[in-house]
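S.K.: Take the sequences, apply the hints, and build the full model.
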Amino acid sequence: MSSPAVEHHHSEDQGHVVSLGLLAGVWLALLVLTVVTVGAIYVNLGKLNLWLAMIIATIKALLVAVYFMHLRWDRPFNAYILVGSLIFVLLFIGFVMMDTAAYLPEIDFKDTLHP
Amino acid sequence: MNQHEAHGSEHPSFLAHHFATPRQQFEAGKLGMWLFLSTEILLFSGLFCAYAVYRANHPEIFVYAHHFLDSTLGAINTVVLICSSFTMAWAVRSAQLGQKKRLCVLLAFTILCGFGFMGIKFIEYRHKWHAGLLPGKHYNPQAHEGDHAPVSGHADEAEHQPTTTAARHPVESAAVEPEHQAATTPASTPASSTASEEHTLQVPPTIGPAGLAAPVTTTADVHAEESTDEKVKNVQIFFSIYFAMTGLHGLHVLAGMSVIGWVLWRSMRGEFGPLYYTPVDLAGLYWHLVDLIWIYLFPLLYLIH
Amino acid sequence: MSTTGVHPGSALPDSRESNYLTHKSGLGSWMMTLDHKRIGVMYLISILVAFLLGGIFAMLVRTEHLTPKETIMSADTYNQVFTLHGAVMIFLVIIPGIPAAMGNFVLPIMLGAKDVAFPRLNLCSYYLYVVGTVMALASIALGAVDTGWTFYTPYSTTTNTAVIWMVMGAFVLGFSSIFTGLNFIVTIHRLRPPGMTWFRMPLFLWALYATAIIQLLATPVLGITVVLLAVEKAFHIGIFDPQLGGDPVLFQHFFWFYSHPAVYIMILPAMGVISELISVFSHKHIFGYKFIAYSSVAIAILGFLVWGHHMFTSGQSSLANMIFSALTFSVSIPSAIKVFNWLATMFKGSISLETPMCYALSFIFIFGIGGLTGLFLGTLATDIHLHDTYFVVAHFHYVMFGTMIAFVGALHYWWPKMTGRMYSEFWGRIACALIFLGMNITFFTQFVMGSHGMPRRYFNYIEQFASYHQLSTVGAFIQGIGFIVVAIYLAHSLFRGRRAPANPWGGNSLEWHCSSPPPHDNFAVTPTVGDCYDYSGWQYDAQIGGYIPRPVGAEH
Numbered sequence: 037m038s039s040p041a042v043e044h045h046h047s048e049d050q051g052h053v054v055s056l057g058l059l060a061g062v063w064l065a066l067l068v069l070t071v072v073t074v075g076a077i078y079v080n081l082g083k084l085n086l087w088l089a090m091i092i093a094t095i096k097a098l099l100v101a102v103y104f105m106h107l108r109w110d111r112p113f114n115a116y117i118l119v120g121s122l123i124f125v126l127l128f129i130g131f132v133m134m135d136t137a138a139y140l141p142e143i144d145f146k147d148t149l150h151p
Numbered sequence: 090m091n092q093h094e095a096h097g098s099e100h101p102s103f104l105a106h107h108f109a110t111p112r113q114q115f116e117a118g119k120l121g122m123w124l125f126l127s128t129e130i131l132l133f134s135g136l137f138c139a140y141a142v143y144r145a146n147h148p149e150i151f152v153y154a155h156h157f158l159d160s161t162l163g164a165i166n167t168v169v170l171i172c173s174s175f176t177m178a179w180a181v182r183s184a185q186l187g188q189k190k191r192l193c194v195l196l197a198f199t200i201l202c203g204f205g206f207m208g209i210k211f212i213e214y215r216h217k218w219h220a221g222l223l224p225g226k227h228y229n230p231q232a233h234e235g236d237h238a239p240v241s242g243h244a245d246e247a248e249h250q251p252t253t254t255a256a257r258h259p260v261e262s263a264a265v266e267p268e269h270q271a272a273t274t275p276a277s278t279p280a281s282s283t284a285s286e287e288h289t290l291q292v293p294p295t296i297g298p299a300g301l302a303a304p305v306t307t308t309a310d311v312h313a314e315e316s317t318d319e320k321v322k323n324v325q326i327f328f329s330i331y332f333a334m335t336g337l338h339g340l341h342v343l344a345g346m347s348v349i350g351w352v353l354w355r356s357m358r359g360e361f362g363p364l365y366y367t368p369v370d371l372a373g374l375y376w377h378l379v380d381l382i383w384i385y386l387f388p389l390l391y392l393i394h
Numbered sequence: 005m006s007t008t009g010v011h012p013g014s015a016l017p018d019s020r021e022s023n024y025l026t027h028k029s030g031l032g033s034w035m036m037t038l039d040h041k042r043i044g045v046m047y048l049i050s051i052l053v054a055f056l057l058g059g060i061f062a063m064l065v066r067t068e069h070l071t072p073k074e075t076i077m078s079a080d081t082y083n084q085v086f087t088l089h090g091a092v093m094i095f096l097v098i099i100p101g102i103p104a105a106m107g108n109f110v111l112p113i114m115l116g117a118k119d120v121a122f123p124r125l126n127l128c129s130y131y132l133y134v135v136g137t138v139m140a141l142a143s144i145a146l147g148a149v150d151t152g153w154t155f156y157t158p159y160s161t162t163t164n165t166a167v168i169w170m171v172m173g174a175f176v177l178g179f180s181s182i183f184t185g186l187n188f189i190v191t192i193h194r195l196r197p198p199g200m201t202w203f204r205m206p207l208f209l210w211a212l213y214a215t216a217i218i219q220l221l222a223t224p225v226l227g228i229t230v231v232l233l234a235v236e237k238a239f240h241i242g243i244f245d246p247q248l249g250g251d252p253v254l255f256q257h258f259f260w261f262y263s264h265p266a267v268y269i270m271i272l273p274a275m276g277v278i279s280e281l282i283s284v285f286s287h288k289h290i291f292g293y294k295f296i297a298y299s300s301v302a303i304a305i306l307g308f309l310v311w312g313h314h315m316f317t318s319g320q321s322s323l324a325n326m327i328f329s330a331l332t333f334s335v336s337i338p339s340a341i342k343v344f345n346w347l348a349t350m351f352k353g354s355i356s357l358e359t360p361m362c363y364a365l366s367f368i369f370i371f372g373i374g375g376l377t378g379l380f381l382g383t384l385a386t387d388i389h390l391h392d393t394y395f396v397v398a399h400f401h402y403v404m405f406g407t408m409i410a411f412v413g414a415l416h417y418w419w420p421k422m423t424g425r426m427y428s429e430f431w432g433r434i435a436c437a438l439i440f441l442g443m444n445i446t447f448f449t450q451f452v453m454g455s456h457g458m459p460r461r462y463f464n465y466i467e468q469f470a471s472y473h474q475l476s477t478v479g480a481f482i483q484g485i486g487f488i489v490v491a492i493y494l495a496h497s498l499f500r501g502r503r504a505p506a507n508p509w510g511g512n513s514l515e516w517h518c519s520s521p522p523p524h525d526n527f528a529v530t531p532t533v534g535d536c537y538d539y540s541g542w543q544y545d546a547q548i549g550g551y552i553p554r555p556v557g558a559e560h
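From first to last, the protein sequence lines are chains H, E and Z.
Per this note's numbering: the first sequence = residues 37 to 151.
Per this note's numbering: the second sequence = residues 90 to 394.
Per this note's numbering: the third sequence = residues 5 to 560.
Everything hinted at is true.
Using C-beta positions, here's what the derived DEER-type ranges look like:
| hint | chain 1 | residue 1 | chain 2 | residue 2 | range |
| --- | --- | --- | --- | --- | --- |
| 1 | H | V119 | E | I165 | 28 to 38 Å |
| 2 | Z | F481 | H | G130 | 44 to 54 Å |
| 3 | E | R355 | H | P141 | 54 to 64 Å |
| 4 | H | P112 | Z | G372 | 39 to 49 Å |
| 5 | Z | F333 | H | I95 | 31 to 41 Å |
| 6 | H | A138 | Z | F481 | 41 to 51 Å |
Treat the hints as calculated values from the structure; they're not laboratory data.
Every value quoted in this text rests on a predicted model; they were computed, and no experiment measured them.
Glycine included, C-beta positions come from ideal geometry on N, C-alpha and C.
M.R.: If you want it as C-alpha cells, here you go:
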C-alpha cells in the first residue's frame, strides 16, 4: 500500500516468513529486558521508577508487536488499529486522571494531618 | 490481482464462497483479528484506568500491599509467557514452511507454557487465599499476624460483627454519608476527610512493609488490639485490582490455550501448510496480545518502587 | 465516470422463483443460515418483538402518570417498569436496530459483495443477541431491576433486584454488537468489488462504518464495567463501593465512556438512512457527499471526548467540567453539517412525499429540536438547573426517538426489497402523521415540565404538573396507535400487498439493481459501480409501479 516492502510481500500468497534468527533475537532481547525491569526497582529514581518501568514495558511490547505479531511486514492499517486503540485508551485514562488529579491536593492535605 | 484470480479459480476447500482469492480471505481474517484485539485492549483499559486512579490517589496502598506479591514468581511467569510467545511465533513460521511435525511440537510447547503460567498463578492465588489477602470485603490478612481466627467463617461473620478485621474498613467509612461521598469525591477521600478524627489519627506517618508485624501505637480504643496493616487503610483495594487484573488476564490465557489446542488438533490433521495457515497466525496474534498485557501487568503489580 | 451505474440484465428480470426467502425452506434453514439477508430478517423480527415489549413498558409508565398519585402500579413496580423500558429500548432495540437488522440486510448488497466477511460470526452475533435478550428479560422474573438503565453504584450494588442478570445480559449483547461492528468494518475494507471506491459508497455505509468504529472501541469498556459491577455485587470486591474504599464516580466514568459514544451508535446509522432517503425522494444528487461522509467519522471520534457532560453534577472537577462542556459543543458542528446538507439536497429537488420521505422529514424536525436542546444541557450553568429533570428525558427522547423514526423510515424504504411486497401508501402516511404528532405532544410537554422543575424518574408529582403529565400521556397513546397501524398494514402487505418492483423508489444504490426480494447470492455477476446518487438512469414506469432503466441514448 505505502511502502515497497509491503507491496512486495503482498504479491506472495505465503505471506512473510520471519527468519528464525530474528525471532530468537527478539526472544533474547525480551528476556534481557525482563531482567532489566526487575533490576530497575533497585535503582531509586523516585516517581521516575514507574515511568522507567513503563518505558521498558513499552519497548518489550513494541518488540512483540512488530516482530512476533508481524506488524513490520503487515498492511499498515493493522498497525493503525493497534495505535488507534491505544490512543483511545490514553484518552480514556487521561480524562479520568485529569478529574482525579483535581482532587489529589485535597487528599494529600488531609494526609498531612496525621501525626 | 490477475495472478490471484488465476489462483483462486481453483477455489480450494478452505476458501469461503464470498471471497475471490485466498489472499483476500487471509487479509480479511487478519484485519478481523486485529480489530478484535483492539476491543481486548479497550476491555483491559478499564482495569488499567481503575489502577491508575487508585494508585494516584493512594500510592501508599500500592507500595505497602505489593510486598505481599511474590515478585520472583511474577518474574518466572513473565519469562514463561515470553518463551511461549517465541514458540508461538516460531510455530507460525513452521506452518508457513509446511513443517507439520515442528508446528505440532511448538504448539504443544506453547500450550505447556500456558499450563505452567496458570500453575504458578494457582500457587500465588492459593497463598493469598490462605493468607486472607482477598479483594474487598473478604480482605482479612490475619494469617500474617497469627492472632486471629482462620479465614473460614470470617467472611460471613464480617457482615454482622464490626469488630472483626474484615469488617473494620467498612465501618470506618460508613461514618460518611454515601450521597455526599458519591457526589463530591473520588474513592477513598472520605476515609481520610470526613471520617471522624479518632480514626484518621491512628494512621501512623510511616507506612510500608517494615512495620508488618509491629503493633500499632494508637490511642483509639476500638482498634487498640488491631495490628499494623492498620497503618495503611483500604489495602483491600489493591487486592481487588490485583485479582481483577490477573483474573481477567488468566481467563484470557485459558481462552488462548483452548484456541491453540484447537489449532494443534487441526495441525495434527495436516490442515495447514504454506497456502493456508490463517488459524495458526490468528491464534498467534491472540496469544501475543495476552503476553503483551502481562508485560505491563508485571511491573505495575509486582514491581512497585 | 459512468454516470448511469449499471443495469445488468441478469439482475432485473423477475427471479421470484428463487430468491433468498425461497432458496431453502424449513425452520432449520433459517436457524442455521449464514446468509446475511436472512440473519438481518431474524434480527428484524427479534428487534420488533423487543420494541413491542419496550413500547408496552412505555405505555405503562405514561399511564401511571395520568394521576399525581398511584394510578395503576406501586412505586416499586414503577421503578422496575421505567428501568425495563430504558434497558429494553436501548440495549435491545435502538443499538442493534438499524445496524444489525437493516445494516445486515443491505450492507453487502449496497457494497456489491456476496456476504459479510465472516458469515458464521454474523450468525453467532445474532445468537448472542438472543441469549443476551433472554438474560436481560429473565431479570423480570428473577426480581426486576429498579436501578434505571444506568446501573449507578452504589445503589445498583446494594439493591436486592436481579441487577446481575440484567448487566450480564448487557455484557452478552455488547459482544453481539462488537461482532456486528467488526464484521462491517472488515466487509467494507476487504470485500468492496472493483470500482467501489471509498467515495462511491452510499452514505449509509459510511454511517455504518463510523458506527462500527464506536461499537468496537466503546463497547468493550461497557463489558469490563458491567463485569466489575456484577463481581462487585456478587463478591463485594469494593472497586465501586465507597464503604470499601472504592470510587462510585469511577463507575460513572466507566459507564459513560461507553454510553455516551453509544448514543452515537444509535444516531449515526439513523443519519445514514436519512442521507439515503432525502436524496432518493428528492430525486436529486446528495449535496456535499464528502462532508456528510467525513462528518460521520468526526461524530464517531468526537463522541468519545464528551462523556463527562453526563457527570456535571456528580462531583466531577470543575476543570473536567469545563473541558467536557466545550468539547460537547464541538459535536454540534458535524451534526449541523449533516442537517445543512440534507436541506441543501432537498433545495430545488423534485420531492415526492412517499412514506419513507415523511419519516425522513420528521427525523430532521425532531433531530433539530433534540440537538438544539442539547446545547442547554451542555452548558454548565443551565445544566445545574435542568439536570435530572424531564427536560433531559425530553431531549434524550427527541434524539433517540428520532432514531426510531429513522428506523421505521428505513423499514418502509427497504420493506419492498426485503419482502417483495408493497404496503399501503395511504395508511403509511397516516401512521407517520400519528407517530409524529404523538411524539411531539408527548415530549414537547416534557420540555416545559422539566424546565419548570419536574424531576425525572419520580413516581408521584405535585398537582401543578398534572395537566402536563396528562397531555404527555395522551401523546404517548397517539404514538401507540400510530405504531399499531404500522404493524397492521405491514402485516397485511405481507399477504395481500402488491408485488414490489425491483426499484420502487428510483434509488440507484446497488440494492435497487437486484430483484425484490434479492436472489440468494445477491448478484449473478459482480456489478460494476457508478455514482449511487445519480438517478438519471432510471425512469418511472406506471405499469409496474416502479422505476426501470432508461433506454440507452434516451435524453433525460
